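Number of protein chains: 2
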Amino acid sequence: MSNPTTDSLQLLDAYWRAANYLSVGQMYLWDNPLLRRPLRHADLKPTIVGHWGSAPGQNFVYVHLNRIIRQYDLNMLYISGPGHAGQAMVGCTYLEGTYSEVYPDISQDEAGLKKLFRQFSFPGGIGSHVSPECPGSIHEGGELGYSLSHAFGAVFDNPDLIAACVIGDGEAETGALATAWHGNKFLSPATDGTVLPILHLNGYKIANPTVLARISPEELDDLLRGYGWTPHYVEGDDPEVLHRVMADTLDAITEDILNIRRRARDEGDTDRPRWPMIVLRTPKGWTGPKHAGGHAIEGTFRAHQVPITIGKNDDDALRQLEEWMQRYRPHELFDEQGKLRPELAALSPEGARRMGSNPHTNGGQLLEDLDLPDYADLAVDVPAPGRATAADTEVLAGYLREVIRRNADRRNFRIFGADETLSNRLAHVFEATQRQWTLPTAEHDQYLATDGRVVEMLSEHQCQGWLEGYLLTGRHGLFNSYEAFIHIVDSMVNQHAKWLKLTAELPWRKPLASLNYLLASHVWQQAHNGFTHQDPGFIDHLVNKKAAIVRVYLPPDANCLLSVWDHCQRSRHYINVVIAGKYPAQQWLDIEAAKAHCAAGIGCWDWAGCGTDVEPDVVLACCGDVPTLETLAAVSILRDYLPDLQVRVVNVVDLMKLQAPTQHPHGLEEAEFDTLFTRDRPVIFAFHGYPFLVHRLVYRRHNHGNFHVRGYKEEGAITTSFDMTVLNELDRYHLALSALQHLPELGREGERVREALEGKLATHRTYVEEHGVDMPEVRDWHWTS
Amino acid sequence: MSNPTTDSLQLLDAYWRAANYLSVGQMYLWDNPLLRRPLRHADLKPTIVGHWGSAPGQNFVYVHLNRIIRQYDLNMLYISGPGHAGQAMVGCTYLEGTYSEVYPDISQDEAGLKKLFRQFSFPGGIGSHVSPECPGSIHEGGELGYSLSHAFGAVFDNPDLIAACVIGDGEAETGALATAWHGNKFLSPATDGTVLPILHLNGYKIANPTVLARISPEELDDLLRGYGWTPHYVEGDDPEVLHRVMADTLDAITEDILNIRRRARDEGDTDRPRWPMIVLRTPKGWTGPKHAGGHAIEGTFRAHQVPITIGKNDDDALRQLEEWMQRYRPHELFDEQGKLRPELAALSPEGARRMGSNPHTNGGQLLEDLDLPDYADLAVDVPAPGRATAADTEVLAGYLREVIRRNADRRNFRIFGADETLSNRLAHVFEATQRQWTLPTAEHDQYLATDGRVVEMLSEHQCQGWLEGYLLTGRHGLFNSYEAFIHIVDSMVNQHAKWLKLTAELPWRKPLASLNYLLASHVWQQAHNGFTHQDPGFIDHLVNKKAAIVRVYLPPDANCLLSVWDHCQRSRHYINVVIAGKYPAQQWLDIEAAKAHCAAGIGCWDWAGCGTDVEPDVVLACCGDVPTLETLAAVSILRDYLPDLQVRVVNVVDLMKLQAPTQHPHGLEEAEFDTLFTRDRPVIFAFHGYPFLVHRLVYRRHNHGNFHVRGYKEEGAITTSFDMTVLNELDRYHLALSALQHLPELGREGERVREALEGKLATHRTYVEEHGVDMPEVRDWHWTS
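Keeping their order, the protein sequence lines are chains A and B. The first sequence begins at 1 in this note's numbering and counts up by one. The second sequence begins at 1 in this note's numbering and counts up by one.
Chain A on its own, in the form it takes in the complex (with noise of 0.2 Å):
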């Protein structure tokens, strides 16, 4: 134990003194930051916006884990889990010198303060939460709830990080954050980090109590316990005393996560530990003022945002605020210059030690290649198209399985997955490495140990927190889903592709790892679950985020997955979403061909119609495996009835290339676009999601009027996979009735062909139902060249 002298604590509260001190100035101040002459109402921003209510909280974790990284020269980063006071965390940066660094016009002096507290929450400034442009951060505190799926994910391969994570109680009421604490069932003592959560009881969100903050004392510590937590109170009001409280706390905490890694890479006892943990109970807006504007505000909801409202000529109100930022007492604090004194700066740690400068937030940084396989090794043998038979997935596992043998030493790669590795058929990488899991296992487990590369929870936000966390922090992985479920990470995603976007645009921040999608189970093979796990709309969720962000993937056949997939694990600073089939299916490129077509992303296939040299009377376009399936089937069905008829197929796997090069870096120029589509001929698109994306993409194109796009439309429930493709008419006869429609000139011919395709239909319906299988010439049916 360390036993912190009273003196260091004293100087430790002016240290939270200075922090607290410029989280106020950050919400109040245009001029005069260090109020060195009576502050006037033009020394005010013009519009005070800002959340005041967990800054002091805040600073105060950040300073007592600066006196605790010092004492044992810890590797530490920290989390800022409340949706807002943003300025705490970029407040203690500044004061630890690394803001300064990153933003040299943010300099350590009074000209420097000064901007600094202009910039927050102003128009071309930084926001109210840790946003990306704070260095230190990983996280930001917009949308609740993924602090500590974060934290998780950033310690996983970092066996001496620390992730201190401050959560707020009104976070701790969202669903990712209440299933986030089982974390620890999956972290191994041994190999990994750990996680040092804070619950940071404020009382108060916007408007209500908290309720984490109003059960009974037993009750909380019921809770954590039964989520596997060893909790440590720190509860009060005084400052001198809690400075106390909480260095004592700090230093216990600090020796039993030192122990329990010795126990477990020393002695090898891998047991799940306990790990400490930190009940923080504050009052909301501490340290601020007792009453304003004739309201109770300090440890009430009214500590929210701005404490004092400040009218035009409210005087009073101005006084009072002069009077809260004095009681901090800034001449103490801030020397001639305006910078943080000697004696205080003295108290953070150094150089990468500091919170704001760990290298683990800028992951990129850090960020090493993969050793990947050469992946034609891997290929399926395609003799012709056609003449093959494989499961896409199953074959690109044995991929992943080399990806993880190769790196097993840079431990620098994981899968995540909510308990569906097995399920989309990459049962391959078991062949390689095991699921991690650190709670007893049984007699017929599989595939359980306290390290392994592939982590698996039923919770897709903690697969997409934990994968989110591992990026930011410099490493490698993929999140592995059925598609339809894909859409209950729907708004992190979005978050993720806006720090994306943000720090693309900040020189100082490298890039990361993409951030990989692997979405199988997809829409066309439900047989088992139907209408409830029928959903390709991911897609659409995405292509409404940034062009420079997204990409996504539909590969038609296992060769052409393995090189789209190469491709992702590559790329840098995306999302990449591929969609795959995983049932034995028909195989179309060998491996030479695929690589083609997948670097050209889009490609006219001469061996399955007539090439660009001739002009067709009809194009069948397709996208997705299922689809591609039933597009030349519909080929080969057209050429039996109509040999003379000049039908060209055009497969994309880059969905992108169908958008303007004007809207995506990927689209296609135009003058290739007409090649491939023509600009006048009937274009049958069958495509693997919601049809009107395919509209959306296209609607610049010159040929766009032609388009005639089928895709899923919600019908369909428990039936066999063809079946489903029938009742969204996306199938083969379907596909061929539609070219026909479209082909007016074929006259009573085609009306023929019309009338024994819609007589296959119907055979197909009372096939299906009768028997629960499809009819043998279905099932049955090969592509011959």
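I should point out that these hints are in silico values taken from the structure, not numbers from a laboratory. In this text the structure is predicted, and so the values were computed from the model without any measurement. It is possible that some hints are incorrect.
Just so you know, same-sequence chains aren't split out, so a pair can sit in one copy or run between any two.
[Claimed, not checked] Below are the SDA-like pairs computed for lysine to any residue, each with C-alpha atoms no more than 25 Å apart in a straight line:
hint	residue 1	residue 2
1	114	325
2	312	721
3	290	445
4	339	235
5	115	442
6	760	590
7	546	704
8	185	410
9	501	252
Take the given structure of chain A and dock chain B to it, following the hints.
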């Protein structure tokens, strides 16, 4: 205490065996449903799919609940949380007679049994979850996590009702479920019903063990007590022992529930009670095969789906299935006709007490119209366009207050939200009600009471789940949220939309009140919060759902908001999204004009430009409050510079008016559309959301090639509301510039105006970055006719 006799428990066991038999039969049998002859391969379904794992446990719960319902004449419904094993509830409702009453062709005899078995997980049949087709269900387990929220929603304002909610231990890992336990802090023991959670520790998900089944019993007990419940444990694998334990436990729990109610209702003790709950720990696939195919099955993850795989000629596997089914002794359970024997049938509750027949589970049956005020009485006085100022949501709050007052006795209307009622400026509702909250209150709290129409918890998942449960049981309500964060429930609204689509196709399911969203604090009003709070994409997400279900409204002012909201509150079986402003803003329409405009859903604003009798040079269209303001400002700019220009203003309230009538029932007829938007003039469309959505909706319209849409393009963060429009090029200057760009006929005159407007934009940029507020000509701008 009822102390059931051993004889009665043996009968109950027989009933359970019957239910288990049906659960296996539904997965496997095509014919020979009572095994009257030796099982043949031809008796099996062609494709055997389904999930066995949790079925026997759920059957166990259901038959025991039947007993306790009879014993105490309870009003109880059943929610099946686990993702699969839907056949359990189907079988149980069949045995009690409900199923045959709803579906007379599935009769209570051998022919009916055969149909019951065939339809399960079969094309055109029913799904493997408890889908809407199953009587008694208000919840489908396809996407996991919402059972407990639905249970709470169902019992609000139903003081006699008990929602028995079986929670899968896989499901329990999701975020939504993990925080749903806290619902007990909001339920009033006096005026609401009771949720009885039954946590089913099956031990496994698809392929992994579950967290809650593997933590120590002490940790689990701490966790559940920490959540505020009193857990009762029913654990083991010997049916004889467990029947006794379960019966005694349910007796004790029921007495406890009735005592809590009595204390609250007769003695006025409204302290938050500790409600009882059950932890049921039984083997996954209980009573199924111990081994099959060389693997242990019962009690392992391999019991999840079909336990015995039967190849075409695999007689051993066929015999094993037959032995398994015979172990339930079907000949003792069903009579010669195939009907459940009368001594067993007598164990089921009768009539509406049967859980499959509980009227609350077909809420449309119980739905009463709200008594709604005449919204004209609450309207804003608008003497002329622009001559009044009001905050739109504040005006709506007056209407909602009256709805609350008028329906206070009916107790059938609630507002749910994540602590945003005040922030979204709905404070007027607190003139009529309070926020419901049963934890202790403190001196400076506001608007909290143990009974109130507003329920707020910082979890969008709970708000959504509670509202769904409330609507599904025949009541009315709304979800009041920030626009950006409603994406948190994207996947939940998917599932509710699917539920509405399917139930609309079932004649015995009666229409529900619509699910109404009020989205304020929207993308254009984020001065406090910035980039993380900006996302108008929820509309995009919704319009992929069935057109029969989805309605989207963007009222331009307060009177239109009143009119639209009144319509939504009266509507049935829709999902209505209403996006509204919350800050004081210019008002355009008096109440009569607003009524007419909203009834049309779209219209030309003659007072703002040229009418439809004049051929315009350009159409300025707008949808949303801020886009309407900027459009009118653009019109006044164009009028100033180019007094001869004919500008038409079209305002869209009902977004789906834009879509073709073949695609959406609200779609405007082609001729009307052409009248409004012309067939050849440029249309500058200022849209609240992502611009592409408008392109997508007007894709089939004649003039779509001339639509130039401005909307949100992910630019801007902390800044003024007006500057947000500038950064996204939706502001008055950009709109006017866009009009000029498409009016080349203006020649040099247009060029001159363009230069002037670009000057304005440059001035704005400098001004806002220097002053932090908009330049006076923007702040002070007012429409003048």
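Consistency of the hints with the structure:
1. 114 with 325: within (15 Å within a copy, 80 Å between copies)
2. 312 with 721: Intra 68 Å, inter 22 Å, cutoff 25 Å: inter-copy only.
3. 290 with 445: between (58 Å within a copy, 15 Å between copies)
4. 339 with 235: Answer is neither: 32 Å inside a copy and 65 Å across each miss the 25 Å cutoff.
5. 115 with 442: Neither way: residue 115 and residue 442 sit 60 Å apart in one copy and 40 Å across, limit 25 Å.
6. 760 with 590: Intra 32 Å, inter 59 Å, cutoff 25 Å: neither.
7. 546 with 704: both (23 Å within a copy, 24 Å between copies)
8. 185 with 410: So residue 185 and residue 410 pass the 25 Å test inside one copy only (23 Å; across, 47 Å).
9. 501 with 252: neither (41 Å within a copy, 57 Å between copies)
Comparing the model with each numbered hint stated earlier shows that hints 4, 5, 6, 9 do not hold.
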